[in-house]
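Asker: Listed below are the residues making up each chain.
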Amino acid sequence: MNSRRYILKTKNLGIDFGGLTAVNDFNIQVRPSEIYGLIGPNGAGKTTVFNLLTKVYEPTRGQIYLDGQNITNESSVKVNKLGIARTFQNIRLFKNMSVIDNVKVGLYHSQKYSLLASVLHTPSYLKREKAIEEMALSLLRVFGLEEFAQVKASNLPYGKQRKLEIARALATSPKLLLLDEPAAGMNPTETSELMETIKIVQDKFNIAILLIEHDMKFVMGICNQITVLNFGTVLACGTPEEIKNNPDVVAAYLGNED
Amino acid sequence: MDKLKKHFLGQNKNRTICLSVVLIAYIVIEILMQTGSLKSLFINLLVPVTSYIIVALALNLVVGVSGELSLGHAGFMSIGAFTGVIVANVTSSMIPNDIVRLILAIIAGAIVAAIFGFLISIPVLKLQGDYLAIVTLAFGQIIKSLINNTFLGFDSNGFHFSFITNTVDLATGGKMLINGPIGATATDRISTFTIAILLLIVTIFVIFNFINSAHGRNVMAARDDRIAAQSAGIDIVKTKTIAFVLSAAIAGAAGVVYGLNFSTLVPAKFDFNQSILILVYVVLGGLGNMFGTIISTTLLVLLPELLRFLANYRMLIYAVVLIVIMIFTNNPTIQGYIKKLIKKNRGEVNHE
Amino acid sequence: MEFLSFLITGLGLGSVYAIIALGYTMVYGIAKMLNFAHGDVIMVGSYVAFFMVAQFNLPGVVAIFASVLVCTLLGVLIERLAYKPLREASTLSVLITAIGVSYFLQNGAQILWGTDTKIFPNVFDLGTISLFDNQLHISVLTLVTIVICIVIIVALTLFINKTKTGKAMRACSEDKATAQLMGISVDKTISITFAIGSGLAAIASILLCSTYPAVNPTLGSMPGIKAFTAAVFGGIGSISGAFVGGLLLGILETLAKAYISSQMSDAIVFLVLIIVLLIKPTGLLGKEISEKV
Chain U
2 MNSRRYILKT
12 KNLGIDFGGL
22 TAVNDFNIQV
32 RPSEIYGLIG
42 PNGAGKTTVF
52 NLLTKVYEPT
62 RGQIYLDGQN
72 ITNESSVKVN
82 KLGIARTFQN
92 IRLFKNMSVI
102 DNVKVGLYHS
112 QKYSLLASVL
122 HTPSYLKREK
132 AIEEMALSLL
142 RVFGLEEFAQ
152 VKASNLPYGK
162 QRKLEIARAL
172 ATSPKLLLLD
182 EPAAGMNPTE
192 TSELMETIKI
202 VQDKFNIAIL
212 LIEHDMKFVM
222 GICNQITVLN
232 FGTVLACGTP
242 EEIKNNPDVV
252 AAYLGNED
Chain S
176 MDKLKKHFLG
186 QNKNRTICLS
196 VVLIAYIVIE
206 ILMQTGSLKS
216 LFINLLVPVT
226 SYIIVALALN
236 LVVGVSGELS
246 LGHAGFMSIG
256 AFTGVIVANV
266 TSSMIPNDIV
276 RLILAIIAGA
286 IVAAIFGFLI
296 SIPVLKLQGD
306 YLAIVTLAFG
316 QIIKSLINNT
326 FLGFDSNGFH
336 FSFITNTVDL
346 ATGGKMLING
356 PIGATATDRI
366 STFTIAILLL
376 IVTIFVIFNF
386 INSAHGRNVM
396 AARDDRIAAQ
406 SAGIDIVKTK
416 TIAFVLSAAI
426 AGAAGVVYGL
436 NFSTLVPAKF
446 DFNQSILILV
456 YVVLGGLGNM
466 FGTIISTTLL
476 VLLPELLRFL
486 ANYRMLIYAV
496 VLIVIMIFTN
506 NPTIQGYIKK
516 LIKKNRGEVN
526 HE
Chain F
243 MEFLSFLITG
253 LGLGSVYAII
263 ALGYTMVYGI
273 AKMLNFAHGD
283 VIMVGSYVAF
293 FMVAQFNLPG
303 VVAIFASVLV
313 CTLLGVLIER
323 LAYKPLREAS
333 TLSVLITAIG
343 VSYFLQNGAQ
353 ILWGTDTKIF
363 PNVFDLGTIS
373 LFDNQLHISV
383 LTLVTIVICI
393 VIIVALTLFI
403 NKTKTGKAMR
413 ACSEDKATAQ
423 LMGISVDKTI
433 SITFAIGSGL
443 AAIASILLCS
453 TYPAVNPTLG
463 SMPGIKAFTA
473 AVFGGIGSIS
483 GAFVGGLLLG
493 ILETLAKAYI
503 SSQMSDAIVF
513 LVLIIVLLIK
523 PTGLLGKEIS
533 EKV
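Chains as they are written, first to last, in this note's numbering: chain U, 2 to 259; chain S, 176 to 527; chain F, 243 to 535.
In short, the hints are calculated from the structure, not lab data. Using N, Cα and C, we set each Cβ at its ideal position, and we do this for glycine too. You may find that some hints are simply not true.
[Unchecked claim] Straight line, CA to CA, 35 Å or less: simulated DSBU-like cross-link-like pairs of lysine-lysine:
id : chain 1 : residue 1 : chain 2 : residue 2
1  : F       : Lys409    : F       : Lys274
2  : U       : Lys12     : S       : Lys301
3  : F       : Lys430    : S       : Lys514
4  : U       : Lys96     : S       : Lys188
5  : S       : Lys181    : U       : Lys205
6  : S       : Lys181    : U       : Lys161
7  : U       : Lys200    : U       : Lys176
8  : U       : Lys82     : S       : Lys301
9  : U       : Lys161    : S       : Lys188
10 : S       : Lys413    : U       : Lys12
11 : S       : Lys413    : U       : Lys113
12 : S       : Lys180    : U       : Lys128
13 : U       : Lys79     : F       : Lys529
14 : F       : Lys409    : F       : Lys522
15 : S       : Lys515    : U       : Lys161
16 : U       : Lys161    : U       : Lys131
17 : S       : Lys178    : U       : Lys96
18 : S       : Lys350    : F       : Lys499
19 : S       : Lys413    : U       : Lys176
20 : S       : Lys188    : U       : Lys82
21 : S       : Lys181    : U       : Lys128
22 : U       : Lys131    : S       : Lys413
23 : S       : Lys515    : U       : Lys153
24 : U       : Lys79     : F       : Lys522
25 : S       : Lys180    : U       : Lys113
26 : S       : Lys181    : U       : Lys131
27 : S       : Lys515    : F       : Lys274
28 : F       : Lys326    : S       : Lys514
29 : S       : Lys181    : U       : Lys153
30 : U       : Lys153    : U       : Lys128
31 : S       : Lys188    : U       : Lys113
32 : S       : Lys413    : F       : Lys529
33 : S       : Lys180    : U       : Lys96
34 : U       : Lys12     : F       : Lys529
35 : U       : Lys161    : U       : Lys79
36 : U       : Lys131    : S       : Lys188
37 : S       : Lys301    : F       : Lys499
[What the hints assert, rightly or not] Facing chain U, according to a computed beta carbon distance under 10 Å, are these residues of chain S, among others:
id : residue
38 : His182
39 : Ile382
40 : Asn384
Turn these sequences into a full structure, and let the hints guide you.
Answerer: Structure, rendered in structure tokens:
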């Protein structure tokens with residue numbers, strides 16, 4: 002099987018914390034322009050998988066391939082440079098910085114200039130800062146955050162903070178975007194709005210998206226493929242239809258509702 | 176007009192405020208000096224206060240902007256001061272012009288301090304939080320010890336160096352540059368208030384420009400959330416090293432201006448207490464608030480002098496003032512009370 | 243043999259550092275603050291003991307009691323007046339306040355008792371014992387110091403682990419809010435922590451002055467810095483860490499003074515500290531704090 006067909010592929014990925022096996026034998030294959038869902042009960046290990054993929058945690062076993070390249074031994078920073086960006090379950094914005102500065106931080110890789118240029122505000126600095134400003138504003142526009150550009154990130158309402166985190170992640174020009182419960186704490190209107198935004202993002206930026214969510218309407222409505230995680234291992238994998246009707250999944254997680 | 180606006184307002188607003196205040200203060204002080212209205216006590220404080228402001232700004236770059244506690248910054252000031260003394264003394268015959276010599280010394284001091292800053296940052300930035308702070312304290316002590324045990328002389332044959340014990344044998348006409356614990360003696364006092372203010376202005380430009388750049392944003396992101404910053408592609412150690420080395424260079428430059436203002440300078444002056452003093456200036460002015468640092472440093476350096484009439488009690492009062500200010504600015508009950516007072520005075524109706 | 247002599251002296255010095263370090267580490271662990279004024283409480287303890295013995299000609303034992311009493315009260319008073327209002331503030335703000343308290347104590351001492359150095363009388367001279375055919379001479383006071391340190395560590399560890407108050411202290415160090423919800427008086431627990439730390443500081447001050455009899459307003463400064471370093475070195479927040487850190491620091495300092503250079507001994511000690519922290523970034527016995535992502 003040619004791993005180049007997949008933007009993300011893992012082989013028996015696993016991690017133990019002391020005596021506790023949190024994730025075991027995790028296998029996933031995400032295609033380049035797919036929206037892929039990762040669901041499962043609380044404590045199943047979904048965020049742990051994200052932490053493994055972004056190298057916040059070191060895997061105990063297994064391999065990770067990004068666009069055919071083995072990234073298992075790379076650092077968090079390198080993994081981002083190679084093309085994975087993420088949001089966090091508990092929102093990790095740069096609280097003391099403005100909305101637009103949060104996004105600008107993500108844009109650092111694309112318009113670099115020297116320290117001397119920074120300190121002296123040379124024409125090179127001015128030119129690149131202008132480009133950064135424009136790119137940042139256009140990203141904010143996608144999420145309807147342009148008017149809040151100068152607001153301190155911690156002063157944004159909750160729903161907009163989640164959106165800002167996605168904007169920042171997108172600024173790093175990823176091939177794969179990991180979203181950890183992007184709709185958490187949102188009301189139904191905000192949730193459908195987010196669904197639309199994610200579809201637009203996937204289309205406009207031509208990236209793959211792997212998302213964790215508990216809102217089943219959201220997951221079933223937007224994902225092409227779903228993996229169900231339970232007790233740290235894969236319980237089932239398939240299209241939304243297949244997952245909805247899988248008796249093991251229903252028993253472990255979905256229950257007898259829609 | 177738009178270009179002017181961009182350079183002085185918006186992002187650069189705070190920079191403009193700081194520069195304006197410094198320039199106005201300089202002009203006022205110069206006028207007062209020319210008309211002989213300033214007490215000599217105050218005149219003698221001009222260079223030291225300006226030097227301390229520069230060091231405090233440098234420390235704010237590390238503590239406020241980069242979010243790391245440094246308890247040894249007096250060490251960089253010390254390195255700068257003694258480098259400056261060496262350079263100024265050694266080139267005194269080659270370069271008779273005091274101003275040129277001073278500027279050369281400042282550049283030398285900044286570079287040497289930056290090198291030490293880089294070397295120190297290698298172990299320091301591998302650590303976090305209190306452990307990082309303790310290592311900066313340790314380095315400050317090590318620097319003080321090293322200079323305290325350095326015997327450096329200069330004569331027609333060049334440099335003579337010995338460590339711990341003084342075995343320096345100078346030819347006639349030679350000079351002891353650093354005499355162990357006695358430090359530097361018979362230094363030409365070539366520091367001027369004008370150069371000090373110029374250095375302060377350069378510092379303000381450098382620091383504000385740094386903050387309003389990609390490098391500054393990266394440092395602040397690393398400060399606000401380490402893990403999120405890494406996930407956005409920021410190399411934490413590299414980013415913080417840049418801020419740390421820049422800070423060391425600025426502190427070193429300030430040290431030169433400070434050191435060349437005195438005919439004698441002992442290494443013991445730049446001890447842990449000095450580092451803590453500068454930290455107090457920074458915290459009281461507000462972390463990351465450069466304008467606040469300028470004000471707080473000026474006030475806190477002048478305060479003991481203004482309180483001289485209280486004789487022995489002045490440091491005691493200083494201590495009490497410090498404690499009271501910290502409690503006032505941090506206690507939520509008192510803060511709430513003050514907020515209520517402000518609201519009342521603004522005429523806002525408070526239905527509670 | 244000479245080495246053994248230095249080792250024992252080092253253990254003696256280290257024991258004093260360890261006792262002081264306990265104050266730093268306990269307050270850090272439970273009140274989550276770096277009490278920079280701790281060294282100056284030691285200074286006050288020294289002066290109290292000095293006056294008891296030199297001025298009032300009271301026996302050494304009374305001096306010890308008086309010193310412990312004054313320091314304990316002082317510690318609790320400082321906590322209530324200066325630190326308690328800042329319980330919710332940032333660590334840096336509390337640090338600055340502690341510095342203010344330190345200045346206050348030092349300058350207060352200067353005003354009350356002058357800047358001149360007083361000599362602590364030789365009240366606790368217990369003589370020396372000779373071992374190994376008169377090849378090794380050990381000061382009994384040094385041995386007593388080491389024993390006192392061990393006794394304190396053991397007593398403190400038992401106290402923390404076996405008593406209700408000790409449990410309360412452990413709870414507060416983990417999570418103050420939850421401890422409070424469980425009915426623990428956080429105020430009382432923190433006061434007791436400061437009381438114990440300051441009381442121990444008094445004992446340390448007397449042991450310190452018996453060996454290094456110079457008493458002046460800044461006497462607590464250097465031992466304070468070193469003991470703080472020892473606490474971090476051993477792993478801040480850990481009692482056994484303070485013990486190990488203090489002893490090692492004392493041994494290092496003494497050996498450095500003896501074999502390398504007296505003037506560079508401080509620098510050498512700090513250099514070793516840096517190297518240790520590079521190998522074990524959270525101190526010798528410190529816990530790895532991992533962040534939940």
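Asker: Looking back at the hints listed earlier, which ones does the structure fail to meet?
Answerer: none
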